[in-house]
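Trainee: Sequence:
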Amino acid sequence: MGAGLVASLLAGTATGLGALPVLVTSELSRKAQDRMLGFSAGVMLAATSFSLVIPAMELVRGQGYDGPAAALRVAAAVLLGGLFLRVWHDLMPHAHSLKGHEGHGGAKWNSVLLFVLAMTLHNFPEGLAVGVSFAAPQPALGLSVALGIGAQNIPEGLVVALALRATGASATRAALLALLTGLVEPVGALFGLAALSLSAALLPWGLAFAGGAMLYVISHEMIPESHRGGFEREATTGLMWGFVLALVLDVSLG
Numbered sequence: 462m463g464a465g466l467v468a469s470l471l472a473g474t475a476t477g478l479g480a481l482p483v484l485v486t487s488e489l490s491r492k493a494q495d496r497m498l499g500f501s502a503g504v505m506l507a508a509t510s511f512s513l514v515i516p517a518m519e520l521v522r523g524q525g526y527d528g529p530a531a532a533l534r535v536a537a538a539v540l541l542g543g544l545f546l547r548v549w550h551d552l553m554p555h556a557h558s559l560k561g562h563e564g565h566g567g568a569k570w571n572s573v574l575l576f577v578l579a580m581t582l583h584n585f586p587e588g589l590a591v592g593v594s595f596a597a598p599q600p601a602l603g604l605s606v607a608l609g610i611g612a613q614n615i616p617e618g619l620v621v622a623l624a625l626r627a628t629g630a631s632a633t634r635a636a637l638l639a640l641l642t643g644l645v646e647p648v649g650a651l652f653g654l655a656a657l658s659l660s661a662a663l664l665p666w667g668l669a670f671a672g673g674a675m676l677y678v679i680s681h682e683m684i685p686e687s688h689r690g691g692f693e694r695e696a697t698t699g700l701m702w703g704f705v706l707a708l709v710l711d712v713s714l715g
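Position in the sequence shown (from 1) plus 461 gives the number in my numbering.
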């Protein structure tokens, strides 16, 4: 549990590291931002596939299930993870830089607060993924997930800070708020580790659930956001590079 919390904390602080350039510049082309968002989505997509869903399938098979029985169990957990994020997304008020206000209520809330709440929707499942992966019997799995999440948090942190600057936040405040959104990840890790401490048999469910939550964020938030500025090709190129990088990282760590 200690290793999972520390790893999720380090991955979360990478958001603050990525936000540091906002202290010297408040401008970055929309094309560059879409490339970075695409890159982050690609890393998350690879982590979901290779570090969460596939290991969950292997663990379910190790519990004595095979074929359709194993696939249905993992599929159910993935869908539950996606449903959890959908319900949370619909209930919690938040705002995106291009999509505007979403969620239930909060129409009169401060725009900066709404944007920060939106980032918690991104970062909580990432922390959850890091936490549950450290409970897996493969020692390298947690490290692979944490490094992948940390890598995608760096460009995401800059995009977040720039969006906060656009809402009127000062450079220092934007950088600090970007860091704080990343610190939601240890909270997600704690939830995952606490649930899995009840029974080791829940591990494959936890991995697949975290994968489903991340998959929802990728498809519902990150990819559409990266395509709204008119640079779909650049965003897709970034996604491909992020996916390949995370794949190489996962294989290299075994």
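If you are wondering where the hints come from, they were derived from the structure by calculation, not from laboratory data.
Misleading hints may appear alongside valid ones.
As the list claims (entries may be wrong) - With a straight-line cut-off of 20 Å between C-alpha atoms, the simulated SDA-like cross-links for lysine to any residue are:
| # | residue 1 | residue 2 |
| --- | --- | --- |
| 1 | Lys492 | Met701 |
| 2 | Lys492 | Leu663 |
| 3 | Lys492 | Glu693 |
| 4 | Lys492 | Arg689 |
| 5 | Lys492 | Thr697 |
| 6 | Lys492 | Ser658 |
| 7 | Lys492 | Ala662 |
| 8 | Lys492 | Ile615 |
| 9 | Lys492 | Pro685 |
| 10 | Lys492 | Val712 |
| 11 | Lys492 | Thr698 |
| 12 | Lys492 | Ala627 |
| 13 | Lys492 | Pro482 |
| 14 | Lys492 | Val709 |
| 15 | Lys492 | Arg694 |
| 16 | Lys492 | Trp702 |
Trainee: Does each hint fit the structure? Answer for all of them.
Mentor: The hints, checked one at a time:
| no. | hint | in the structure |
| --- | --- | --- |
| 1 | Lys492 to Met701 | holds, 16 Å |
| 2 | Lys492 to Leu663 | violated, 42 Å |
| 3 | Lys492 to Glu693 | holds, 9 Å |
| 4 | Lys492 to Arg689 | holds, 11 Å |
| 5 | Lys492 to Thr697 | holds, 11 Å |
| 6 | Lys492 to Ser658 | violated, 44 Å |
| 7 | Lys492 to Ala662 | violated, 45 Å |
| 8 | Lys492 to Ile615 | holds, 17 Å |
| 9 | Lys492 to Pro685 | holds, 14 Å |
| 10 | Lys492 to Val712 | violated, 30 Å |
| 11 | Lys492 to Thr698 | holds, 11 Å |
| 12 | Lys492 to Ala627 | holds, 16 Å |
| 13 | Lys492 to Pro482 | holds, 17 Å |
| 14 | Lys492 to Val709 | violated, 26 Å |
| 15 | Lys492 to Arg694 | holds, 10 Å |
| 16 | Lys492 to Trp702 | holds, 16 Å |
In this structure, the earlier hints numbered 2, 6, 7, 10 and 14 are contradicted, and the remaining ones agree with it.
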